[in-house]
Amino acid sequence: MKKNKKKYLDHFLVFVLIVFASHSFSLFENIYFISKNNYNKRNIINYGYCNKEGFGFVYEIKKKYFYQENIQVINYGNYPTISGLFYNPNKLNSKEKVILINSNFQNIERDFTNIKILENFENKCFLISYND
Amino acid sequence: MIEILYLNLQFLIFIVYFNTYTQLIRSIKITKFLSIYDLISINILIQFIIFLIISFFKINIELFFYFNLIISLFFIFKFNFYKEYLNLSSLIFYIIGITIFLSIARFNDLGWDGLAHWIYKVNLFNVGGSLHDFDSLPFPSYPHLGSFIWSFFWKNSVLDYEYIGRLFIPFIYIVSIFALCRRVKNNNLFYLLSFLIIFFNYDLFLFSGYQEYICFSIILIMSRFYILGDVKKNFYLIFFVFIMGSTILIWTKDESLFFSIFISIALLIKMFRNKKFIYIYSILFFLIITLSYFIEIYFKGSFDFQSEFDLNLVLSRINFEYIFNFIYKFNYHFVVALFKYPLSLVSIISIYICIKKNILDKSLINGLIVYLVLNYLFLNIVYFSTPYSLEEMLANSTDRLIFQISGFIIFPLIEIFSFYNKKFNYF
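If you read the sequences in order, they're chains A and B.
For the first sequence, my numbering begins at 1 and goes up steadily by one.
For the second sequence, my numbering begins at 1 and goes up steadily by one.
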């Protein structure tokens with residue numbers, strides 16, 4: 001009888017621990033979030049579309065323009081460049097086109113000459129190409 | 001939903017993969033007393049050494065992965081040791097593991113270091129590149145083992161998602177803590193302690209592509225074998241765990257080379273009566289460092305650290321004003337870092353209790369104190385000689401360095417609980 005009581009108590013303690021662990025690591029919230037947002041959507045939420053590292057913008061530009069080349073991304077915000085995520089050592093690095101994140105027209109005028117703006121998202125994210 | 005199911009499968013894959021040599025280790029008489037988590041820890045060390053060796057050659061890693069998995073599954077079912085996983089401790093192990101996996105899956109973005117250099121190495125290995133190609137990458141001198149394993153599990157996952165490759169990091173983190181906490185015989189206390197240590201040392205940011213948890217876990221595994229008594233009986237076990245652990249540390253991060261030296265010194269202090277051990281270990285450890293040096297030279301053309309040691313810069317800083325300013329700033333950030341990871345603070349208090357109450361062997365305490373002093377001096381030298389902004393360096397890296405170092409000093413806390421549990425049958 002006593003042994004059974006102790007066993008139940010042990011199981012209850014484990015149950016409390018599991019509930020506490022699930023709560024403190026937001027288990028159910030994470031399950032809901034992952035089921036609702038696929039991998040790509042989560043990438044955009046976490047890295048930002050045209051803010052933070054600018055994953056969404058870079059991803060779309062890469063699909064549209066960069067088939068055979070590695071992209072060059074310059075982030076003007078206090079974030080690392082996201083180009084490493086798309087990097088493939090077997091491809092050549094793009095020398096003609098550059099993606100700018102968290103930028104503006106003043107930055108472009110100051111840092112680049114003789115360029116053409118191919119894409120512009122909300123005057124903050126750009127794809128530029130050297131004219132020659 | 002498929003992704004969540006796959007994460008569960010990935011957890012099982014890790015369990016199977018890191019059990020390949022369990023039966024082999026078990027067949028050795030001296031390892032009979034080891035818990036299942038100790039055995040997985042040793043498997044992790046063996047597998048990491050194999051990863052290191054295959055990273056030097058161009059081997060088909062998919063074939064290697066499935067070959068290993070099949071062998072492991074064969075042993076698990078042939079010797080029926082899957083039954084050992086059918087208990088409450090495994091349930092807690094699984095739930096904590098899967099909750100951390102899900103947190104990483106949700107916040108799957110890489111941190112600064114992850115994006116700035118580690119991911120380039122991972123992508124290089126992903127397309128079959130080798131160490132010879134490191135020249136074209138940022139920070140080529142950085143060790144590559146963590147990136148190689150990340151790439152290995154990414155490439156061998158059914159879902160081609162980057163974060164799956166780095167899930168091995170939380171896995172080894174949990175295993176190392178469970179292995180150390182299993183020293184406590186009372187099950188409830190074991191569950192509680194394991195959970196609390198995982199909880200207090202949990203930092204989602206460090207799972208975003210940083211290598212700190214790898215070093216922390218490997219150091220923790222080494223500390224678990226550091227406390228083994230009966231040195232003569234456990235001679236080979238301690239020897240191989242420390243040699244494998246040191247090798248892994250050297251190839252994981254720049255600063256880990258120094259951690260491995262300090263841990264080895266602590267071990268030699270513990271083993272001071274066993275001259276044979278001291279000679280063999282010292283020679284082999286020296287050989288490993290030399291070999292690592294030549295391998296780096298062979299593949300990368302040079303053996304560099306993150307920043308060069310500039311003697312002139314150090315000499316120019318030797319003046320009262322700079323030294324006073326340095327001591328104040330360094331110690332301020334040091335204390336802040338201790339509070340950021342409170343377990344390191346609790347561990348230091350535990351060492352004091354162990355000394356006062358005579359809970360640990362004197363040689364263990366001596367080794368531990370030497371380890372702490374050497375690390376403190378090392379950090380002082382690193383920051384005093386840094387060519388970068390001192391304030392920025394201290395703010396960005398002290399906490400991470402202390403986190404890694406703390407892996408070796410947690411065991412006195414566990415020993416205190418184990419001691420009182422045995423003595424008074426508390427809990």
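Please keep in mind that the hints were generated in silico from the structure rather than gathered at the bench.
Just so you know, even glycine gets a beta-carbon here, dropped at the ideal spot from N, CA and C.
Each hint should be verified, as a subset may be incorrect.
Simulated crosslink set (DSSO-like; lysine-lysine; CA at most 30 Å straight-line) [said to hold, decoys possible]:
#: 1; chain 1: B; residue 1: Lys155; chain 2: A; residue 2: Lys5
#: 2; chain 1: B; residue 1: Lys83; chain 2: A; residue 2: Lys52
#: 3; chain 1: A; residue 1: Lys62; chain 2: A; residue 2: Lys5
#: 4; chain 1: A; residue 1: Lys7; chain 2: B; residue 2: Lys275
#: 5; chain 1: A; residue 1: Lys6; chain 2: B; residue 2: Lys185
#: 6; chain 1: B; residue 1: Lys155; chain 2: A; residue 2: Lys6
Derived, one-sided and incomplete: chain A residues facing chain B with beta-carbon distance under 10 Å [claimed, not checked]:
#: 7; residue: Val14
#: 8; residue: Ala21
#: 9; residue: Ile45
#: 10; residue: Tyr47
#: 11; residue: Phe55
#: 12; residue: Gln72
#: 13; residue: Gly77
#: 14; residue: Tyr79
#: 15; residue: Gly84
#: 16; residue: Glu96
#: 17; residue: Val98
#: 18; residue: Thr113
#: 19; residue: Leu118
#: 20; residue: Glu119
#: 21; residue: Asn123
Here is what the structure says about each hint:
1. B:Lys155 x A:Lys5: 49 Å, violated
2. B:Lys83 x A:Lys52: Violated: B:Lys83 and A:Lys52 sit about 48 Å apart, past 30 Å.
3. A:Lys62 x A:Lys5: 63 Å, violated
4. A:Lys7 x B:Lys275: 49 Å, violated
5. A:Lys6 x B:Lys185: Distance ~16 Å between A:Lys6 and B:Lys185 Cα, so the pair holds.
6. B:Lys155 x A:Lys6: 47 Å, violated
7. Val14: 5 Å, holds
8. Ala21: Status holds, d = 6 Å.
9. Ile45: Holds, about 9 Å.
10. Tyr47: Result: holds, 5 Å to nearest chain B Cβ.
11. Phe55: Holds: closest Cβ of chain B sits about 8 Å from A:Phe55, inside 10 Å.
12. Gln72: 13 Å, violated
13. Gly77: For A:Gly77, the interface hint is violated, since the closest Cβ of chain B sits about 12 Å away, which is over 10 Å.
14. Tyr79: 8 Å, holds
15. Gly84: 4 Å, holds
16. Glu96: Status violated, d = 19 Å.
17. Val98: Hint violated; A:Val98 Cβ to chain B Cβ min 17 Å, cut 10 Å.
18. Thr113: 27 Å, violated
19. Leu118: 24 Å, violated
20. Glu119: Status violated, d = 22 Å.
21. Asn123: Status violated, d = 25 Å.
Violated hints, listed in ascending order, are 1, 2, 3, 4, 6, 12, 13, 16, 17, 18, 19, 20, 21; each of the other numbered hints is respected by the structure.
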